[in-house]
Amino acid sequence: MTVPEVARGAALTGDAPLLSVRNLNAYYGQSHVLHDVNFTVGRGEVVSLIGRNGAGKTTTLKSVMGVLRSRTGQVTFEGRDLVRLPSNAVARHGIAWVPEERAILSTLSVRENLELPPARPGGWSLDKIHQHFPVLRERGHHPGSKLSGGEQQMLAIARVLRSGPKLLLLDEPSEGLAPVIVQRIAAMLDTLRAEGMSVVLVEQNLRFATRLADRHYVLVNGAVVEEVARADVAAREADLLDYLSV
Amino acid sequence: MNAQLMLIQVFNGLVNGAFFALLSLGLAVIFGLLRIVNFAHGALYMLGAFVAFALGQAFGLGFWPALLVAPVVVGLLGVALERGLLRRLYGLDPSYNLLLTFGLTLLIQDAIKQVMLTRYAVSSAPYTIPEALVGATNLGFVFFPTYRLFVIGFAVVVCAATWFVIERTRVGAVIRAATENPTVTQAFGIDVGRWVTIVFGFGVALAALAGVLAAPIYSVEPYMGSELIIVTFAVVVIGGMGSILGSVVTGFAVGVLVALGSALYPPIANTLVFVLMALVLLLRPNGLFGLPETK
Chain A
1 MTVPEVARGA ALTGDAPLLS VRNLNAYYGQ SHVLHDVNFT VGRGEVVSLI GRNGAGKTTT
61 LKSVMGVLRS RTGQVTFEGR DLVRLPSNAV ARHGIAWVPE ERAILSTLSV RENLELPPAR
121 PGGWSLDKIH QHFPVLRERG HHPGSKLSGG EQQMLAIARV LRSGPKLLLL DEPSEGLAPV
181 IVQRIAAMLD TLRAEGMSVV LVEQNLRFAT RLADRHYVLV NGAVVEEVAR ADVAAREADL
241 LDYLSV
Chain B
1 MNAQLMLIQV FNGLVNGAFF ALLSLGLAVI FGLLRIVNFA HGALYMLGAF VAFALGQAFG
61 LGFWPALLVA PVVVGLLGVA LERGLLRRLY GLDPSYNLLL TFGLTLLIQD AIKQVMLTRY
121 AVSSAPYTIP EALVGATNLG FVFFPTYRLF VIGFAVVVCA ATWFVIERTR VGAVIRAATE
181 NPTVTQAFGI DVGRWVTIVF GFGVALAALA GVLAAPIYSV EPYMGSELII VTFAVVVIGG
241 MGSILGSVVT GFAVGVLVAL GSALYPPIAN TLVFVLMALV LLLRPNGLFG LPETK
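Protein chains in written order, with this note's numbering: chain A, 1 to 246; chain B, 1 to 295.
This is chain A alone, in the form it adopts within the complex:
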């Protein structure tokens, strides 16, 4: 599936960004792990954070979401600074987080997992989710943990759509999945973007990231060192791969 031009265009208008992260610093105990991270995400835009393990990608998502509370700086979403809010309040403002390990709740059925996030206006109905992911209807009564890796990733993404987020924070959605499943996840993200949703994508799979993202931010040692536009990816591919190599 190709990315609709309309959706891409939305990010390119001169409007204020949907999300603006300014001088974000984060800490694990005494460890200072993010250093003045800056990036923006436009409406309908997909932005990737790339970097090797330990670069601070996941910590950045957790800091934006409010899951990691030891943070300073500004996280401005639709004009409001969210940096002091806990994650449940951040979610209510329209940001959803799909963690790296997917966090499918094993004590809940697939259906209960889907229905857990509070439904909000603009969110996907159960019927709509089932239309896009028929397997989640078929497996509705199974424990969430009994799904395959790909099905779990679909459930993890579908689950947060119930709340109608405007911005999706996706952590390594392609990790550990077969190529055919990765393609389906990519097609799913195209659909979400076509609906006007913005995405921050954390990825180590450069092919997947460049297939989807309009812009890329490169993180090294907890700091953004470079921003690469989609148009420049081909010319900079070797450099980007170098950033990802161990």
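Hints were generated in silico from the structure; no laboratory data involved.
We put the CB at the ideal spot given by N, CA and C, even for glycine.
Accuracy of the hints is not assured; some may be wrong.
Part of the chain B face toward chain A, derived, beta carbon under 7 Å [unchecked claim]:
#1 Thr-183
#2 Val-184
#3 Gln-186
Below, in silico cross-link-like pairs of lysine to aspartate or glutamate (EDC-like), each with a Cα-Cα straight-line distance of 20 Å or less [to be verified]:
#4 A:Lys-146 / B:Glu-180
#5 A:Lys-128 / A:Glu-195
#6 A:Lys-166 / A:Glu-151
#7 A:Lys-146 / B:Glu-167
#8 B:Lys-113 / B:Glu-221
#9 A:Lys-128 / A:Glu-115
Which bits of chain B does chain A cover? Going by a derived footprint, with three or more residues having C-beta under 8 Å, they are [claimed, not checked]:
#10 170-180
#11 188-198
Starting from the known structure of chain A, arrange chain B on it as the hints suggest.
Positioned in the frame of chain A, the structure of chain B alone reads:
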């Protein structure tokens, strides 16, 4: 021991088991979500009985309204304790919670002892069985006290209702989710802290409910929860820490086991449950119904 005597002991055991089940159920829901071993549970059970007694003395409140009002009053106290004290200790070493809830036990017990002595001039007070449940019921093999049969039936209904709510409703799904992964549940927009308070209050209310049920059988006295809570902790360990089904099934089973043991060989009755706990810990450390820790 003949079959008739055994059956009588089974029913006696089920009465004790009803209290173990209600108390361990409360401990299990609290431990499941808060990871707190609530040492004050026995004192809060006693407080339920005392509140029923005090409301009867002050306002003439009978058993049936007390069965509702006392758990609500003590449950609200539980909410205040969680909000005011326990909440400050989350994230610290679990021994702080043990110390706090143990200290609360001493405070509550001694406060009630003082109130009973100064206000009512008694160290223990009887509590009247409701009129509708006075007398005995013919079970075919024996006449068994009607009130005790009611206790068994009521405890089964309360345990089954709690199981249903937690396993089959949206409220239960939220509690299970918050128990399994509070971070992700909170990030869905759910206020996990509020649920922690509600669940703690509910667990405490269950203890108080058991206290009201116990008042007509054991009478009301400040230390009535002390011994019971020790066996209840053993029940929770045998059933599996945090397991709702485990705490209920084990509660009734231990009650019957102790009753049969005391009939067969009285000296072993009190140690039987701890022998069973030791065996379970050796052979199945997560308890009979417990799942291995994933975090």
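Okay, the hints, checked on the actual structure:
Below 7 Å, beta-carbon pairs count as interface contacts, and Thr-183 (chain B) has one with chain A at about 6 Å; its hint therefore holds. About 4 Å separates the beta-carbon of Val-184 (chain B) from the nearest beta-carbon of chain A, less than 7 Å, and the hint is met. A distance limit of 7 Å between C-beta atoms decides the matter here; for Gln-186 (chain B) the minimum to chain A is near 5 Å, and the interface restraint holds. In summary, the hint linking Lys-146 (chain A) to Glu-180 (chain B) is supported, as the alpha carbons are separated by about 16 Å, within the 20 Å threshold.
Note on Lys-128 (chain A) and Glu-195 (chain A): the hinted pairing holds, with a Cα-Cα distance of about 13 Å set against a maximum of 20 Å. For the proposed pair Lys-166 (chain A) and Glu-151 (chain A), the alpha carbon gap of about 23 Å is over 20 Å, so the pair is violated. Simply put, Lys-146 (chain A) and Glu-167 (chain B) have alpha-carbon atoms about 18 Å apart, close enough for the 20 Å limit, and the pair holds. Restraint check for Lys-113 (chain B) and Glu-221 (chain B): satisfied, since their Cα atoms lie roughly 8 Å apart, inside the 20 Å limit.
Restraint check for Lys-128 (chain A) and Glu-115 (chain A): the C-alpha separation of about 13 Å stays at or below 20 Å, so the hint holds. By the rule of at least three residues with a Cβ nearer than 8 Å to a Cβ of chain A, the coverage given for the segment 170-180 of chain B holds, with 7 such residues. Chain A is given as covering the segment 188-198 of chain B, and this holds because 5 residues of the stretch bring a CB closer than 8 Å to a CB of that chain, at least three being needed.
Going through the hint list in order, the structure does not satisfy hint 6, though it satisfies all others.
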